Structure formats: structure tokens, C-alpha cells
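Number of protein chains: 2
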Amino acid sequence: MKKLVNHPADLVSQALRGLAAAHPELRVDHEHRIVYRGDAPVRGKVGLLSGGGSGHEPLHAGFVGPGMLDAACAGEVFTSPVPDQVVEATRGVDGGAGVLHVVKNYTGDVMNFEMAAELVAAETGLEVLAVVTDDDVAVQDSTWTAGRRGVGATVLLEKIAGAAAEQGRPLAEVAAVARKVNGSARSMGMALTSCTVPTAGRPTFDLPDDEMEIGIGIHGEPGRRRVPLAPAHEIAEMLVEPVLADLDFTGSPAVLFVNGMGATPLLELYLMYDEVATLLGKAGVTVARSLVGPYITSLDMAGCSVTVLKADDDLLALWDAPVRTAGLRWGA
Amino acid sequence: MKKLVNHPADLVSQALRGLAAAHPELRVDHEHRIVYRGDAPVRGKVGLLSGGGSGHEPLHAGFVGPGMLDAACAGEVFTSPVPDQVVEATRGVDGGAGVLHVVKNYTGDVMNFEMAAELVAAETGLEVLAVVTDDDVAVQDSTWTAGRRGVGATVLLEKIAGAAAEQGRPLAEVAAVARKVNGSARSMGMALTSCTVPTAGRPTFDLPDDEMEIGIGIHGEPGRRRVPLAPAHEIAEMLVEPVLADLDFTGSPAVLFVNGMGATPLLELYLMYDEVATLLGKAGVTVARSLVGPYITSLDMAGCSVTVLKADDDLLALWDAPVRTAGLRWGA
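If you read the sequences in order, they're chains A and B.
Position one of the first sequence corresponds to residue 1 (this note's numbering), numbered consecutively onward.
Position one of the second sequence corresponds to residue 1 (this note's numbering), numbered consecutively onward.
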């Protein structure tokens, strides 16, 4: 295993120390592994909290800051944060207007966030709502999921709901915006190579040199099928077709997000963007906003995913609103 | 070779089409492979132009926009742009206040930018100055370089000189700021794996599973030495020691840039940041600003580099100034 680590089991803790040192505008609770925006809790604002297993950076800690998340709980690599972390963070982002949990649909995450929400509500009366992302059209159930997996829509949702919270919208409205994003987004991913979990020390799965996995999950969960390596334009079709088959994206402005899985160069991602945008154009989908880069990754996996969001004027304005985080920043 | 490509020889052209589609605020001359900020040339402003071989994205095209470069010329992968491209781009960014070329110190780049500058000056009388970056302390001469190689300082220089140009400073002053950044920055990199050039189809060099290369160049040029794989804290020492030995960084605020070579996850880069910042602290160096991520890459190479810039109040203010590019953006 070739990685920049000391003891694999300490990777997450030490990366959080680096994050805290590099970004003094954040506040890191190292004991609970929670990354807060420096001024949390923000009085009168809905607290937006997410988290999940590590290994998908910049998601989620890289999206903490004004205009996006108030805090993120970091679990071990590919492992849900425990309820205690989520309880602590929920209290820590409570500015008096309630808290929204953003949870990717994996069994452990959903269970632990639910448990934490109940504990906090019972102890403090704080209102906690949750939105669970499940935008991955690849598979109905998977290794760690009942239903669809939550993937790229999570990035778009955290940005858009974060802007809604920053504007001072009430909890029910922020939750409605978040649910609208999840309900209007679809994703599909693929892998050229496996990732390697540091504590495991070897690739999660075997993928021959002449094959790729279509419909891969962000933890290396199996996709729809193994197929022979193909040119980028065929790969783009394999990703776009099931996305468009699942939702009618015509008639509304779309946000197109071409995501890198971690080890795929930007040059290839922009080439994929060209292929995907061309296919969407042929299908009558109008792309109004774009995001290209590694934003929800799977450690050192090579590959990409495509997320399309069917937006409207409100969602686009929230997308455009200022954001200031380590991983996504503009206008601030 | 596992890559998201169609025909390897078309990768750069097609990636530029994707870049143009994803970033309508840029203007791309596909014939000459030049990426311009949409409003270039900006009247009365020094034109800042860079470029080089592709494969280092987001450098340089990802740094085109207000507050940074006016344009970037894209060569083939790891191949200098030709003089014709640079001539065309130099004219294209001429706003009447002269043009500054930012050139990484590789023989082909230096020669082609020089030739273009002479051609333009002879034909039009336009004043063109150049700054050549050579911040890599690893080796004195290398595969494609006489003298030191230009690496991470180029990113910091393009940001800082870009801000100086945006403020309306005259050509001589923008060039002086650029030279100050290059003269005050030192870098050192390492590789865990080779990169694979798409048209070659196989790794540029062989690196056994239990070895790494210290002092690697961004095209896979040999470094100082092959050594056995080591924990991150030892790698950090191997990178920081030669940087600190080359320049006294105490007594001034420093900018610390921990760069990913392309395939190394952010989690590992933040861990490296923690190690490097700790070493700098022990050496009495005060880090005032930080940048962590893959900003000057080597295709799909795994590894990292460290750049330290000895700054001052002017350079820090220019660093903090608004920038709006595909690869680096804040305050705008």
C-alpha cells in the first residue's frame, strides 16, 4: 500500500489536525471529530449538520463554512460517525431555529443520525429534521444500503440548503429545499480502479486491467455490471442513459456535476464533461450551471460520476449565493 | 492504461471543449488552444499570460480569470506550447499596458516563450517581460531543464502577480512582484507512483511497490534519490529539510502550499499539512496563509510537494485579493 500515512488507524485524526491548522476560520473538536464553522452556532439561523464516513473528502468537512454546513461529523474511513458525535454536533450548531441533518442513505448513517436526533429532542426539546439523500440510480439495494445510495446530490444539496439557511429561512423551508434537491437529482458513477482503505492495506475489490465497473458506489460497493474498458464517449452514455431514464430533465434549467472519484485527473474530467454535456444537449436538457472536480471521492479510486439536478430559479439563485468553505468557495 | 479518454492524442483538445462548456465566463480559442478570460484584453491592465505542457491541471488554464491570468496556452501533454500559440495569446491579452509571461523553467517553454516575445515585440512594439519560475530545490539540472525546475511557486506567483495586475500596477511593478515571489519561494516534491502519459500508454518510470522517489519533477523526471517507503512524518522531513536549508524563512509571514500530484486523496494531503506545518513551527517559521490540494499536478501520479513562500504584507494582501478562476476562487 502506497499512502502518505503514519499509522493507518490515525489517518482521520491527523488529517483533522491538518485541516484545523490550514483553515483557522474553522473550529475543530478533535475529541468528537467535529468540524464547525468558526462562529457556530449562528444565532437565529437553522443549523445545517452533516457527516459520514471519511474518505470522501472534501465531503463533508470541506463544505463547512458560511453558506453551507455549520458542522460535519467525521467517522472512521467508510464508517458512520457514532450517535455521540452527532448529538454533540447537533447541540453545537443549535442557534435557536432548529437543526437539519443531511444524511446519505447508508444504513449506519441513517440509524446513527436518527438515534442522535431522538436523543437530542428528548433531552432538550430542540427540533431536528433530517433529509436523506438517495440519488444514485445504479442499484436499488446495495452492500450498506436499503434503497438507493446517496452520492453526488449530497454536494449540491449542502450548497443549496446551506444558502437557504444562511438567508434565514425557517427550518421547514430549509428542509423542503433540501428535499426538493434530492428529489430532483439523479447520479450514476463508474470505477476504473478500486480504492484501498488504509487500515485494510489492499484494494477493496479486484478489477482486471481491461475491465471497469459501471454503477460503482463511493465505498467500492458493486455496481450494475462489469464491462470491458471502453472509450470515454461510451462510458458517458452508460452513465447518462440511466440518469435520463429515471427523471425527465427537459423544460427546466439543469445543474451538471461531473465528479472525480479521487485519482482521476481534471483533464479527463473535463473531457467527460464535454461528452456528458453533449449527450444532455441531444436529449433536450439545458445545462445552466456546472461543477467539475473531485468533490465526493472514494479515497484513491480512479473513475467518475455524473449528477444532474433539475433546478428552478430559486435553486439556481441559492446555488449562486456566496459560500466560503475549504472545498467550495465563491463570492465570499 | 485505464483512463477516461477516446483517442489519447485528442485528450487536450477535447478537455478544452469541456472547459469551455463548463465555464462560459472563459473564452477558448480552440484552433490555437488558448484559454482567455472572457473580457480579455482588459484595457489599461497589464496582460498576464502563462502556459505550458498539459497534464498539470488546474495549472494553467484553471487559473485564468479576473485576479489571476488573462490567458493560458495549452501544449500537448508534458510538451511546451509552440511559439505561434504564444504570439497569438500575447496579442490577445494586450490591453495597452504591456504583457508579462509567466514561464516555468523547462528548456522548451523558455525557448518558445522567448521566441514569441521577440516576434511580437518586433512586429508590434508591444512591451513583453518574462518571469521564469525555478523554485524546485531538488536538483540543479534535470531531464528538460538547465538550472532548477519551476513548480509550486508558479501557482502562488500567478495568484499574487495576477492581483497586482488587476490593481492596475504598471508592467515593471507586476514583474517585480512576480520575481519577488519566485525568489522567495522554494519547493520539493515526492512521488509514490509514476504517472502515465496517455499517448505512451504505460507508466513513465518504474517504481517498486516498496520505494518512493524524493525530489520528483512534475513530468516524472528523476529526483534526488529512491528510498524505501517511509511514514508520512519522515517524508515530511525529507521535503522540508532541503527547503529550509535553501532559504531562511524566519522573521516573515510564510505561505505554506501542500500540493497533491494528482492521485493522492485530500485526507493524505491534510495529514501531510499537519506534519509540514509542525516542522515549520519547530524551525521558527510562522505560517500566515495556506493552500492544500491538487493545484499543479502530474496527471495520475500519487505523491505531493511542499512549497513555502517567504511573504510580506504586500504579498499577503495580493494573495488575499479576490480571484475568480475555475481552479482558485474567492471574494468574487
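Keep in mind the hints are simulated off the structure, nothing from the lab.
Incorrect hints may have been included.
[Stated by the list, open to error] Ranges between beta-carbon positions, derived for each pair:
1) Phe205(A) x Thr143(B): 30 to 40 Å
2) Asp314(A) x Thr107(B): 19 to 29 Å
3) Thr143(A) x Asp10(B): 34 to 44 Å
4) Thr199(B) x Thr278(A): 17 to 27 Å
5) Ala245(A) x Glu127(B): 56 to 66 Å
6) Gly281(B) x Ala230(A): 31 to 41 Å
7) Ala176(A) x Arg91(B): 50 to 60 Å
All values reported here derive from a predicted model rather than from experimental measurement.
Glycine included, every Cβ here is placed at the ideal spot set by N, Cα and C.
Taking the hints in turn, this is what the structure says about them:
1. Phe205(A) and Thr143(B) have their C-beta atoms about 37 Å apart, which keeps the hinted 30 to 40 Å range intact.
2. The hinted range of 19 to 29 Å is not satisfied by Asp314(A) and Thr107(B), whose Cβ atoms lie roughly 54 Å apart.
3. For the pair Thr143(A) and Asp10(B), the beta carbons lie near 37 Å from each other, so the given range of 34 to 44 Å is met.
4. Checked against the given bound of 17 to 27 Å, the beta carbons of Thr199(B) and Thr278(A), roughly 23 Å apart, stay inside it.
5. For the pair Ala245(A) and Glu127(B), the supplied restraint of 56 to 66 Å holds, since their beta-carbon distance comes to about 58 Å.
6. A C-beta distance of roughly 49 Å is found between Gly281(B) and Ala230(A), which places it outside the suggested range of 31 to 41 Å.
7. Between Ala176(A) and Arg91(B) the beta carbon distance is about 52 Å. The supplied range of 50 to 60 Å therefore holds.
Hint check: violations occur at hints 2, 6; the rest are consistent with the structure.
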